[in-house]
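Colleague: Combine the two chains into a complex, taking the hints into account.
So you can see what is in the structure, the chains are spelled out below.
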Amino acid sequence: MNNLVGLINEHGANANIVGAVETYTVHQLMVYANAYRQTYSHLSKQPAALVYTNAASFIVGMLAFDGYCSRLYLCSDVLAKDLDANITRITIDIADASLTKHPSSVSVVESFVGEDQEQERLRGRVTTDSQYPNVVTQWCLATSGTSGKPKWFAHTLASLTLNCKTSPRLRDLCWANLYQAYRYAGLQVLLQVLISGATLVDDDSDDLLLKMQRWVNTNVNAISATPSMWRQMLMSNHLHNIPMQRITLGGEIADQSLLDNLAKLHPTASIAHIYASTEAGVGFVVKDKLAGFPVSWLQQGVSNAQLAIDEKQHLRIKPKHELDAQLTTLTDDNGYLDTQDLVRLEGGRVIFLGRASGVINVGGNKVPPEKVESVILLVEGVLQAKVYGQPNSVLGNLVVADIVIAPNHDWSNLSRTVREQCKLLLQRFEIPVKLRKIDSLVMSPTGKLNRSDDHV
Amino acid sequence: MNIEQTVQRAMHDVAELSDCQLIEPIKSDTLLLQSGLDSLGYAMLVAQLEEELGIDPFTELAITVYPATFAEFVAVYARGLEQQGQ
Numbered sequence: 001m002n003n004l005v006g007l008i009n010e011h012g013a014n015a016n017i018v019g020a021v022e023t024y025t026v027h028q029l030m031v032y033a034n035a036y037r038q039t040y041s042h043l044s045k046q047p048a049a050l051v052y053t054n055a056a057s058f059i060v061g062m063l064a065f066d067g068y069c070s071r072l073y074l075c076s077d078v079l080a081k082d083l084d085a086n087i088t089r090i091t092i093d094i095a096d097a098s099l100t101k102h103p104s105s106v107s108v109v110e111s112f113v114g115e116d117q118e119q120e121r122l123r124g125r126v127t128t129d130s131q132y133p134n135v136v137t138q139w140c141l142a143t144s145g146t147s148g149k150p151k152w153f154a155h156t157l158a159s160l161t162l163n164c165k166t167s168p169r170l171r172d173l174c175w176a177n178l179y180q181a182y183r184y185a186g187l188q189v190l191l192q193v194l195i196s197g198a199t200l201v202d203d204d205s206d207d208l209l210l211k212m213q214r215w216v217n218t219n220v221n222a223i224s225a226t227p228s229m230w231r232q233m234l235m236s237n238h239l240h241n242i243p244m245q246r247i248t249l250g251g252e253i254a255d256q257s258l259l260d261n262l263a264k265l266h267p268t269a270s271i272a273h274i275y276a277s278t279e280a281g282v283g284f285v286v287k288d289k290l291a292g293f294p295v296s297w298l299q300q301g302v303s304n305a306q307l308a309i310d311e312k313q314h315l316r317i318k319p320k321h322e323l324d325a326q327l328t329t330l331t332d333d334n335g336y337l338d339t340q341d342l343v344r345l346e347g348g349r350v351i352f353l354g355r356a357s358g359v360i361n362v363g364g365n366k367v368p369p370e371k372v373e374s375v376i377l378l379v380e381g382v383l384q385a386k387v388y389g390q391p392n393s394v395l396g397n398l399v400v401a402d403i404v405i406a407p408n409h410d411w412s413n414l415s416r417t418v419r420e421q422c423k424l425l426l427q428r429f430e431i432p433v434k435l436r437k438i439d440s441l442v443m444s445p446t447g448k449l450n451r452s453d454d455h456v
Numbered sequence: 001m002n003i004e005q006t007v008q009r010a011m012h013d014v015a016e017l018s019d020c021q022l023i024e025p026i027k028s029d030t031l032l033l034q035s036g037l038d039s040l041g042y043a044m045l046v047a048q049l050e051e052e053l054g055i056d057p058f059t060e061l062a063i064t065v066y067p068a069t070f071a072e073f074v075a076v077y078a079r080g081l082e083q084q085g086q
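Those protein sequences? They're chains A and B, same order as listed. The opening position of the first sequence corresponds to residue 1 in the UniProt record's numbering, with each subsequent residue numbered one higher. The opening position of the second sequence corresponds to residue 1 in the UniProt record's numbering, with each subsequent residue numbered one higher.
Chain B extracted, bound-state conformation (with noise of 0.2 Å):
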């Protein structure tokens, strides 16, 4: 699975647990606010790849621009997993 497989797989997850409406499909460039998850949502998206993936890219990286676009979150976290295996 890739990473953006892995996103959208946890999105669908999160989205079940915190009783949130994903719309359908969530595309590159689907504005995360949104998509569906509300910050509660995003806040256990977060919690949820930490936890599979190992990082939290907003943590760990100094991140000068938050993502918008569901491309641009995915491409936070191939960033963080690309720096933490250098």
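Next comes chain A alone, as it looks inside the complex (with noise of 0.2 Å):
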């Protein structure tokens, strides 16, 4: 079966999410899940957009809409603003008392409880309801875009379930949800939590500290984070408590003292780092704690994937799985995608660089550099701007401006201005952290910024 209930089912429904409040098996939410679909039966076979809240009810979201909706939109309140208003936007929070109140919920959801469940639950399966469609469902994703938009990659679960590993030792992991979930990265921890019928910790603290005491009081052993979230759990004392199986790394590029320091630490514990994006999906996973990956998988590609380095020196992928149509123009004949990721070879290893397209990754959030340069460019008086990532020991990289700013301006004015207006229309780790005053930028030949002396 192609949806995510028959995923689930052939491997026994044994997954439990551990809430704020409360745990959740997988039936109980499967529970919620048809009674979602019934009370959103008209969009069998339509596009919907699933807003996040919490772990537990964004899998309801899931089971109830995939092999359902033709579309499945995975976002948060912010980019849902974004969508096409004729998508409609569902929001499902079982944790909320006022679902009680909410007259097409309650009734549905108890009418399921019902016997034959409780078999399907003994024979570790989980049920749907008769009227099931059964369409290959389009799981779109997010990407910030050169503009700072939003651009939607479309994947199917084949693809995103690619890397999703299935035994009885996975069964008895415990992750601690980390990631927004309906990012690339987050949806692999609660697909790989459904399909191995593992355990999810999930809390909406922001404070690490917290975080880090309850997953040593809810038995978590395994961590899905940036390479700068791990920098940072190394920064406090809790690490050591927590009894680590699996080790996970992704969205940046995994440095070796990153590497040593946690095999040190957890020496028993599995370590890999995973390069994949959300525009082409999982590439490979490399697991030899070491940075980078061997140069043989240039020649023997890897298991899902073929892989080459072009003359520039971009790293080039070849999944298995079918790309978004989108991604066309960055494919060539031969069906290899550029990643736009500059590689290097040194001793037998392939290592990461940094991005070509001159995007600056700031613990794993994207930051376009024409973004921030056309913010920068609206203040009267900036000429000229170029922004680029800076190297940074904590979070990978820091977004720093060059500046080109007009005769008869006084910079110590206008660069708090240009602060200001980051402030107002940037997100945080969008805003410079250093402007500096230059007296002119190249540009190329054609009039564009010329970027190829970029910092990477």
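Think of the hints as simulated: they come from the structure by calculation, not from any bench. Ideal placement from N, C-alpha and C gives every residue a C-beta, glycine not left out. Heads up, some of the hints might be wrong.
What the hints assert, rightly or not - Covered, in the sense of this in silico footprint (three residues per stretch, anywhere, with C-beta under 8 Å from a C-beta of chain A), are these stretches of chain B: (1) 13–25; (2) 29–39; (3) 46–57; (4) 65–75.
Modeller: Next up, the structure:
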């Protein structure tokens, strides 16, 4: 079966979601899912947007509408605002007390808790209602475009779960939820938990220390996080209290010293860095605790892809699954996609250097320099601006800006205005941490800002 | 100004720039993750100290234990400066 319920049943439906207040089994979530599908029965074979509230509720939506809706946009409430007005927004919060006042929810939920379901639960399966259209849903994930406007990329469940593994050992894992689940990396954690029948500990605290204390109490032993998040966790006294079995890094370049530190603290844990992108889906996983990946993979390929380096030193990847049509322009005649990641060969390894497009990766958040430049250029007296990343040992990169100002303008006043403008129009991680006044910027013969001397 | 004061002052500068509320007072045993700076704040702090002191000990030293407290953080910089002077 091509849908999420089928995949979960294939390996025994054992997943548990430990929420802030309550723990839910996947069977309970399925009951809610069936109810929501009835409430939104008019969305059969139609597109819909699923707005994130918490992990358990998001999973209810995934179970309800995968294989039911034609397209499922996974989003936050901010991303939802940007979507076409015709697409129905679905916000589910099963922990919300007001849900019990929602007429179409409770009555339906209760009607589904029947004897048949209990028997299926004992058989290790979750059940769906009979009106299941069984369509192949396109799952749509957003990424920032150059202009900063989200771009949506379609995936199938098959491509999203290529890397999900199952085994009795994986079933025993208890994952912490650190990512936004409507983003690629967060979705990977959710799907891995559901399909392998593991446990997910979800909480909405922003305080990392509180989170880590809770992980100790809830027996978390598997964490997926960006290298920046791992460095922050290492800067606490708690990581050694967590009996890590699985350490996963993704979203940024995993450097050797970080891998060494994690391996030293948790010598028996498996450590994997995942190379993946929202646009193309998962690429490959490196498990040998070394930065980059082995050069031999360029000849042999890896499990789900063939790899190559082109003349511009960009990594090219040819996945087994079909890519979103928007990527056609970046794909060569042999089906290899230009990942725009700059790489270098170094001692038998292929090492990542950064993004060729100049996109700055601040702790896993992608910042298109053009977006920041356009905000700086709004300030009167700014003639030119060039935004780029400055390497940083805590967050991978920080945003900095070189600015050329018009004569008879005061730099001190002007830089303050630039900073205020940035605070007003940009997210915190997008705001340049340093503004440098320079005399001129090099332009290419076509009049474009010369990015060839990027500070990668 | 000694290294501890330099770090303290840099923390205040960064807190203001990055819209973080620093707790008062920052003491030796204050946990870094509870000082009020978030990860962006720390990144900016390390960048600012690199500008002022000329070192980023997290890149240059093979640090085996990440600092958890303010005193440990200062010690990492003190050691970095010492090694640089050698």
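Colleague: Compare the structure with each hint and give your call.
Modeller: Against the structure, the hints:
Coverage of a stretch by a chain is defined here by at least three residues with a beta carbon nearer than 8 Å to that chain's beta carbons; for the segment 13–25 of chain B and chain A the count is 3, and the condition holds. With 5 residues having a Cβ less than 8 Å from any Cβ of chain A, the segment 29–39 of chain B passes the three-residue criterion, so the hint holds. Counting residues of the segment 46–57 of chain B whose beta carbon lies closer than 8 Å to any beta carbon of chain A gives 3, which reaches the threshold of three, so the coverage claim holds. With 3 residues carrying a beta carbon less than 8 Å from a beta carbon of chain A, the segment 65–75 of chain B meets the three-residue requirement, and the given coverage holds.
Every hint, counting from the list given before, is met by this structure.
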